[in-house]
Each structure stands twice: as C-alpha cells, then as structure tokens.
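Whole structure, please, built from the sequences with the hints as guidance.
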Amino acid sequence: MAVSASTHRLWCFHMCHFIGETLSRNLPHLWSSISVTVTEADWVDLLRHYIGTSKDWPLKVFVQQNGPLKAVAASQGAAVLRLLMSQAFRFRELVMTLDNWTILGRLKELDVTFPSLTSFRIRTETTDALEPEYRWLWHAMMRAPQLQMVKTDSWRTYPYQQLRSLEIEKWTDVLSKGFGYLQQCGQLESLTIQRFCPEDDVAVSVNLGFCPISLPRFHRRRNPTTNGEII
1 MAVSASTHRL
11 WCFHMCHFIG
21 ETLSRNLPHL
31 WSSISVTVTE
41 ADWVDLLRHY
51 IGTSKDWPLK
61 VFVQQNGPLK
71 AVAASQGAAV
81 LRLLMSQAFR
91 FRELVMTLDN
101 WTILGRLKEL
111 DVTFPSLTSF
121 RIRTETTDAL
131 EPEYRWLWHA
141 MMRAPQLQMV
151 KTDSWRTYPY
161 QQLRSLEIEK
171 WTDVLSKGFG
181 YLQQCGQLES
191 LTIQRFCPED
201 DVAVSVNLGF
211 CPISLPRFHR
221 RRNPTTNGEI
231 I
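Following UniProt numbering from start to finish, the sequence shown increments by one per residue and tops out at 231.
Since the hints were made in silico from the structure, they are not lab data. This list has only true hints and no planted wrong ones.
Beta-carbon label-pair distances, calculated as ranges:
| id | residue 1 | residue 2 | range |
| --- | --- | --- | --- |
| 1 | P132 | R82 | 15 to 21 Å |
| 2 | P115 | S35 | 19 to 25 Å |
| 3 | G180 | Q64 | 27 to 33 Å |
| 4 | F62 | C197 | 26 to 32 Å |
| 5 | R121 | S86 | 20 to 26 Å |
| 6 | C197 | Q146 | 29 to 35 Å |
| 7 | E167 | K70 | 28 to 34 Å |
| 8 | T113 | R195 | 31 to 37 Å |
Glycine included, each C-beta is placed from N, C-alpha and C at the ideal position.
Right under this line is the structure:
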C-alpha cells in the first residue's frame with residue numbers, strides 16, 4: 001500500500017517531535033554546555049527552558065559581550081545573567097569574554113557561590129574589572145573550593161589560593177608585585193606566561209627587587225614565546 005506524501009510528512013513530524021522530547025527529557029547531559037551572548041534580545045524564556053531541560057547536570061558556560069554596550073542590551077543582559085548565575089552551583093567550567101563590565105555591576109547584590117567550578121577563563125580589555133561593584137565575582141572565585149585552573153589576562157584578576165594551574169596572557173606588572181601575587185598560590189603546580197613584558201624589565205638584569213618565594217608543589221613553568229619549559 002502506497003504512502004501519500006502528506007502521510008509521510010506527518011510521520012516525519014511525529015518522529016522528530018518524539019526525538020526532540022526524548023532528547024530534552026531523558027538526555028540532560030546533551031545540554032551540559034551553553035553560550036550566552038549579551039545583546040538586545042531577551043533570552044530569559046529560552047534560558048529557563050534550557051535550565052529545566054539540563055536538570056542538575058554540571059555545566060560548561062560561555063559568556064561574551066563584544067563592543068559598546070547599549071542600555072537595552074545592558075538591561076536584557078543583566079536579566080539573563082542573573083538567571084544564569086542562579087545556576088552557578090552547577091558550573092564546572094566558566095569562560096567570560098567581556099568588553100564592558102557594566103552589566104556585571106548590576107548583579108552586585110547577588111550572593112553567588114561556585115562549589116563545583118574547576119576551571120575559569122576570563123578575558124577583558126578593561127581595568128574596570130577591579131572596581132568595587134565587581135568584587136562579588138572575585139570574592140566568589142576566591143571561595144570556590146574546587147577551582148584549580150585559571151586563565152586570565154593579567155595578575156590583577158585572580159589570585160586564588162587553591163589553584164594548581166595558572167595561565168597569564170600578559171605579565172606587565174613589576175616583578176616584585178607579580179611574585180607577590182604568585183606567593184599566594186601555595187598549591188600551584190604549573191604556570192604559563194604567554195607574553196612576558198614586566199614594567200621593570202630594564203632592572204631585571206640588575207636587581208630583581210623581590211624576596212624569595214616558596215611554592216612547595218610548583219614544578220613546571222612555561223613561556224610559549226620562547227618555547228621554554230623548566231621542570
């Protein structure tokens with residue numbers, strides 16, 4: 001018996017619907033990664049659906065905002081990030097690329113914790129990240145008990161005593177200050193510096209000007225610019 005085209009389309013529709021329902025209800029691990037871009041669009045309802053579908057599965061989260069931040073985008077983005085941060089207890093990995101930090105300043109009233117976070121990557125072209133209204137994020141990171149690996153643009157946006165691996169995009173601080181930060185990473189095992197250009201580079205060959213530091217677990221340093229690795 002021949003199957004009509006309309007019957008075939010209906011069958012395909014029901015099959016796709018069944019597959020979609022199965023994926024959303026029974027396979028939450030397929031929803032374990034999410035990327036949120038701050039725009040003028042309102043993603044709140046979509047994010048709510050994602051949160052419900054992914055259930056309690058650990059999450060890998062990407063947050064990005066590029067270019068000037070319009071008022072509408074800041075308002076919509078704050079609502080989305082506030083909802084997203086309500087799931088911070090599920091974050092396993094967090095990657096943030098932000099050109100403008102104003103949006104995070106709107107979340108300063110949040111009491112966020114990252115009990116499961118193991119990896120954090122932050123990239124920003126602004127020094128605003130250190131202003132008081134953004135300290136809620138850094139305080140939460142410093143209390144993250146499982147956090148072991150951080151990639152950052154500068155020394156100023158960590159330090160985390162529990163780190164085992166640290167990657168610095170660019171070392172521009174005075175050596176003594178940089179090593180002062182490093183001293184706080186007593187669990188550090190691996191350090192990677194992508195670009196090494198300290199402010200006091202002229203004085204490096206004459207007087208390092210810092211006290212000896214003790215990192216008992218530290219065993220590997222790498223500078224990719226020279227392909228050098230010291231064990």
